[in-house]
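K.L.:
Spelled out from the first residue to the last, the chains are:
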Amino acid sequence: MEEHGLDDAYRRWGGQIYRRCLKLLGDAAAAEDATQEVFVRLMRHAERLAPEGGYLAWIYRVATNYCLNALRDGARLEVRDPDALPDAGDESEVGRFAARELSAQLLRRFDDETRTIAVLSLVDGMGRDEVAEVLKISRKTVGRKLAHFVASSKRYLARGEERS
Amino acid sequence: MTATQHPSSYALDRGGPDVDAHVAGCAACAAARDQAKRIDAQFSADVLPRTLGRVRARIIDARPTRRWRRLAWIGGFAVAATMLALLLRPREPPESITWDGIKGSAAATPTLVIFVKRGEKVSLLGPGEALRPGDALRFVTRVDRPRFVELRARDANGQERTLFPGSGVAAKVQPGDALPGGFVVDAAPGPERLTAIFGDSPFPVGRPPAAGLQVIRIELPKEP
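Chains as they are written, first to last, in the numbering used here: chain A, 604 to 767; chain B, 13 to 236.
No lab work stands behind these hints: they were computed from the structure. It is possible that part of the hints are untrue.
Subject to a maximum C-alpha distance of 27 Å in a straight line, what follows is the list of computed DSSO-like cross-link-like pairs (lysine-lysine) [to be verified]: (1) K129/B to K49/B; (2) K739/A to K133/B; (3) K626/A to K49/B; (4) K133/B to K234/B; (5) K129/B to K234/B; (6) K234/B to K739/A; (7) K739/A to K184/B.
So here's chain A without its partners, still in its complex pose (with noise of 0.2 Å):
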């Protein structure tokens, strides 16, 4: 790629980029640190990436992984009232809940695939089509996992109001 080519690249998905990490960091300058992080990864894949829709679901499923790792290595412990959690058959307030309160002991909990399938569905309010279509997974295992992850995560939080 020729310089005013990738010029051009990170004007038009380095936005993209900063604003989800922003969003998932909530911090400017960690985003920052993490938006050139994930164009340059983008940049290396980007042959392997089909150009119509292929960019934006690849910088969903990176950056949110990518801020995930970030959250976690510098986590807090935040402990909160299980009676807080909604069920999970009510997904509208569980991703209110979650857009809060997803805390990085939380996500050290879970491997990268279920943690990552949590934030789309539970902070960004993506269907479970959407989270298929920019994982590469079934509609089927983000239902299952997004269960494990919703019912699992209340236990825990129970079991942290316990020992408080």
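The hints should help you fit chain B onto chain A, whose structure is shown.
P.N.:
Frame of chain A; chain B shown alone:
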């Protein structure tokens, strides 16, 4: 998407008629999209100027190894590429179709060379070789001078979509450039049909080729 259900942030980013229609009548989603635009503007005005040099350095520093590997890869297949160019010539050439490579020299007319990644193996697409679902294709231009190019794929219904560049006008390529991107062959029945359009000056993509542009149409058989 129902009237009461907001599109996700992913759907807002992706856009589309349904999403745009929803945003037009939804204050919350309109605000979310405005917020996204503000952050994008902040990135362009502040973050990008400060970080572009670092990003460029990281990518360009890593380039020599990849470039040499790519050149070796392309050079190793030069003879086969010449044969492929001949064999991929359509039996009934469309208007202004042009091919080169007959003598293996740089010619005034452009050619498209196709490489296929199947599993971990990368090879030149062989003469008459059928594609398989899951094959990843990449394209290398053979031009004697910098040209502007658009590459399109046509589906079984005859609908064309631009593979390269992403939007706007045809992109400039140098001799031997591999086009960024490519595509993965799906399981839909029927051959894969590609159209490459070359010009000496920028031209808008996604439109019928104007006079003076060179058009190459390729039909690649696919295993059922």
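K.L.:
So, for every hint listed, does it hold in this structure?
P.N.:
Results of checking the hints against the structure:
1. With a C-alpha separation of about 38 Å, the suggested pair K129/B and K49/B falls outside the 27 Å cut-off, and the hint is violated.
2. In summary, the hint linking K739/A to K133/B is supported, as the alpha carbons are separated by about 22 Å, within the 27 Å threshold.
3. For the hint pairing K626/A with K49/B, the CA-to-CA distance comes to about 14 Å; that is within 27 Å, so the pair holds.
4. Distance check on the hinted pair: K133/B and K234/B sit about 18 Å apart at the alpha-carbon level, within 27 Å; holds.
5. Distance hint between K129/B and K234/B is fulfilled; the C-alpha atoms sit about 15 Å from each other, no more than 27 Å.
6. As the CA atoms of K234/B and K739/A are separated by approximately 23 Å, the hinted pair is consistent with the 27 Å bound.
7. Between the alpha carbons of K739/A and K184/B the distance comes to roughly 32 Å, so the proposed pair goes past 27 Å and is violated.
Violated hints, in rising order: 1 and 7; the structure is consistent with all others.
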